[in-house]
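> Here is how the chains run, residue by residue.
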Amino acid sequence: MIEFENVQLLRGDRAVIDGMSLSIERNERVAVLGGSGSGKTTILKLILGLLQADEGKVIVDGRDITNLKEEELRDTRLKFSLTFQDGALFDSLTVKENVAFFIREYMQIDEDEIEKRVRDRLREVDVEEAIYMMPEELSGGMKRRVAIARSLAAHEPAMFLYDEPTSDLDPVNAGKIRKLIQDLSSGGRGFILVTHEMVDALKVAERLIFIKGGKVLFDGDRDSFQRTDIQEIQAFLREARA
Amino acid sequence: MSNQLFETTKSRIADLQSFYFLSIRGITGIFRRPFYFDDFVEQMSYSGAGSVVIVALVSLFIGMALSLQISAEFAVLGLQMYTGQVVGISIISEVGPVTIGLIYAGRSGSGMASELGSMILRNQIDTFRVFGVDPIKKLVTPRILGSLVMLPCLTVIGDFVSMLGGAYVSAAVANQSLTVYWNAVHVLFQARYVVPGLVKPFLFGLIISCVSCYSGLKTRGGAVGLKSSTTRAFVISTIFIIISDFVVTRIILVFLGYGS
Chain A
99 MIEFENVQLL
109 RGDRAVIDGM
119 SLSIERNERV
129 AVLGGSGSGK
139 TTILKLILGL
149 LQADEGKVIV
159 DGRDITNLKE
169 EELRDTRLKF
179 SLTFQDGALF
189 DSLTVKENVA
199 FFIREYMQID
209 EDEIEKRVRD
219 RLREVDVEEA
229 IYMMPEELSG
239 GMKRRVAIAR
249 SLAAHEPAMF
259 LYDEPTSDLD
269 PVNAGKIRKL
279 IQDLSSGGRG
289 FILVTHEMVD
299 ALKVAERLIF
309 IKGGKVLFDG
319 DRDSFQRTDI
329 QEIQAFLREA
339 RA
Chain B
7 MSNQLFETTK
17 SRIADLQSFY
27 FLSIRGITGI
37 FRRPFYFDDF
47 VEQMSYSGAG
57 SVVIVALVSL
67 FIGMALSLQI
77 SAEFAVLGLQ
87 MYTGQVVGIS
97 IISEVGPVTI
107 GLIYAGRSGS
117 GMASELGSMI
127 LRNQIDTFRV
137 FGVDPIKKLV
147 TPRILGSLVM
157 LPCLTVIGDF
167 VSMLGGAYVS
177 AAVANQSLTV
187 YWNAVHVLFQ
197 ARYVVPGLVK
207 PFLFGLIISC
217 VSCYSGLKTR
227 GGAVGLKSST
237 TRAFVISTIF
247 IIISDFVVTR
257 IILVFLGYGS
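If you read the protein sequences in the order shown, they are chains A and B. First residue of the first sequence? That's 99 in the working numbering, and the numbers climb one at a time after it. First residue of the second sequence? That's 7 in the working numbering, and the numbers climb one at a time after it.
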């Protein structure tokens with residue numbers, strides 16, 4: 099379980115996260131919505147200890163990770179799979195080498211076995227044909243699918259974290275990514291999807307959290323989200339429908 | 007005003023502290039598992055082997071220019087037979103290590119800063135961290151170790167090529183006997199000349215790699231930030247090389263009993 103207890107994160111004088119408290123179960127399908135600069139991605143980085151809160155506590159599976167050192171965070175981080183907005187693939191390596199990167203890091207297995215694992219993972223995300231391509235040759239959607247394959251290759255995450263997985267994608271590719279997100283969570287593994295795409299949130303998530311200025315404005319299910327009278331959300335919904 | 011000064015000072019001290027920690031972790035990474043041997047070899051190849059041609063070319067012309075200048079001055083005084091010695095001292099103790107250090111900072115150091123900066127901007131460093139891989143151990147340590155090995159090698163190559171250039175000019179332009187030139191150079195193989203020439207490249211390699219990696223990993227703000235961090239890496243490395251060159255020369259000469 100992930101818990102934020104009155105978390106505050108400052109950037110200069112500005113509070114990126116401002117006294118946020120929330121709790122998310124591992125098997126929940128959560129979408130975090132909000133405009134650009136509202137602090138959505140920061141939430142993911144706090145969960146993984148990539149950023150440290152200035153005040154409050156971030157607790158993962160009962161362990162306070164707020165002030166842990168890099169090496170102490172390793173076990174916590176390996177419970178998650180994070181897919182960055184642009185995929186964050188290593189651009190000097192082929193798709194195969196990208197997916198195999200962390201397999202080589204953690205496992206002593208021969209090349210044939212590595213190739214098999216890589217192909218299995220790429221097949222799982224429907225991008226096996228790109229195995230020998232370079233990241234620059236991939237479309238935005240393919241990059242993100244390869245990034246997901248990479249995150250699955252070396253370990254089995256308990257929960258998925260997605261940072262704007264469908265932004266800048268055409269509707270067909272965005273649909274493929276949404277289906278992949280749903281498929282991967284079918285085994286009871288939850289996800290936190292950070293997005294400003296309303297359609298993503300409404301199609302794949304069961305719980306929606308809307309944030310603005312680093313504060314939670316709404317936290318509830320899809321139906322109550324669409325019925326809420328919070329002005330910021332209504333404006334967001336209007337823009338999404340337009 | 008005083009508040010702004012306080013904040014700036016605090017920020018500079020925090021920067022210095024992070025630089026110190028990064029350098030220490032990068033250096034101690036040499037002795038801690040896991041060892042990224044392939045990355046170390048790749049760094050040696052890029053920073054070392056990849057710099058040989060430019061180092062040789064620059065060193066050749068520096069040696070030739072020095073020899074030309076010194077032989078012309080010495081001809082007036084009738085001291086041409088000392089040309090090789092003076093060219094050799096200049097190159098081995100000072101000009102060689104400093105010039106090659108600056109070339110290394112410009113080519114390899116800036117490359118390190120821009121590569122790591124680009125990785126920061128594309129979330130690749132965070133990807134390492136998410137997967138439980140220490141980016142300092144994986145990226146910084148091989149660059150430090152590669153520089154510690156390759157910069158001294160490049161300096162030795164550069165020194166040799168410089169003296170070859172000096173010999174060529176001395177013989178072809180100043181009509182001096184090559185035997186006299188090389189005999190004069192041979193006199194240089196004493197601790198007071200050779201030790202500074204061998205110690206400095208290690209120190210410069212350490213400075214360049216630590217400063218460049220730190221600058222790269224501190225990149226913020228897109229393309230403009232990347233430009234700034236690359237420039238900053240070269241400028242700070244240059245300043246540190248020049249200052250430490252003086253300090254090290256002084257320390258070594260005193261240590262060897264030649265300073266007051």
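No lab work stands behind these hints, which were simulated from the structure alone. Where hints are given, some of them may not hold.
Below 20 Å or equal to it, Euclidean Cα-Cα: the simulated SDA-like pairs (lysine to any residue) are [unchecked claim]:
1) A:K167 x B:S250
2) A:K194 x A:M231
3) A:K167 x B:F80
4) A:K167 x B:L108
Simulated DEER-style distance windows between Cβ atoms [said to hold, decoys possible]:
5) B:A229 x A:E254: 46 to 52 Å
6) B:A55 x A:V297: 38 to 44 Å
7) B:R18 x A:I207: 28 to 34 Å
8) B:V58 x A:G311: 41 to 47 Å
9) B:V230 x A:R287: 28 to 34 Å
10) B:Q196 x A:L108: 54 to 60 Å
11) A:D173 x B:V162: 20 to 26 Å
12) B:V162 x A:K155: 52 to 58 Å
13) B:Q10 x A:E170: 32 to 38 Å
14) A:D173 x B:A55: 48 to 54 Å
15) A:D218 x B:T15: 37 to 43 Å
16) B:R256 x A:E234: 47 to 53 Å
Computed far set for chain A versus chain B, every beta-carbon distance over 12 Å [to be verified]:
17) D173
18) Q183
19) P269
20) K301
All C-beta atoms, glycine included, are put in the ideal place defined by N, C-alpha and C.
> Each hint: holds or not?
Against the structure, the hints come out as follows:
no., hint, verdict
1, A:K167 x B:S250, "33 Å, violated"
2, A:K194 x A:M231, "8 Å, holds"
3, A:K167 x B:F80, "63 Å, violated"
4, A:K167 x B:L108, "36 Å, violated"
5, B:A229 x A:E254: 46 to 52 Å, "38 Å, violated"
6, B:A55 x A:V297: 38 to 44 Å, "52 Å, violated"
7, B:R18 x A:I207: 28 to 34 Å, "48 Å, violated"
8, B:V58 x A:G311: 41 to 47 Å, "55 Å, violated"
9, B:V230 x A:R287: 28 to 34 Å, "40 Å, violated"
10, B:Q196 x A:L108: 54 to 60 Å, "59 Å, holds"
11, A:D173 x B:V162: 20 to 26 Å, "46 Å, violated"
12, B:V162 x A:K155: 52 to 58 Å, "56 Å, holds"
13, B:Q10 x A:E170: 32 to 38 Å, "36 Å, holds"
14, A:D173 x B:A55: 48 to 54 Å, "40 Å, violated"
15, A:D218 x B:T15: 37 to 43 Å, "55 Å, violated"
16, B:R256 x A:E234: 47 to 53 Å, "51 Å, holds"
17, D173, "8 Å, violated"
18, Q183, "8 Å, violated"
19, P269, "25 Å, holds"
20, K301, "25 Å, holds"
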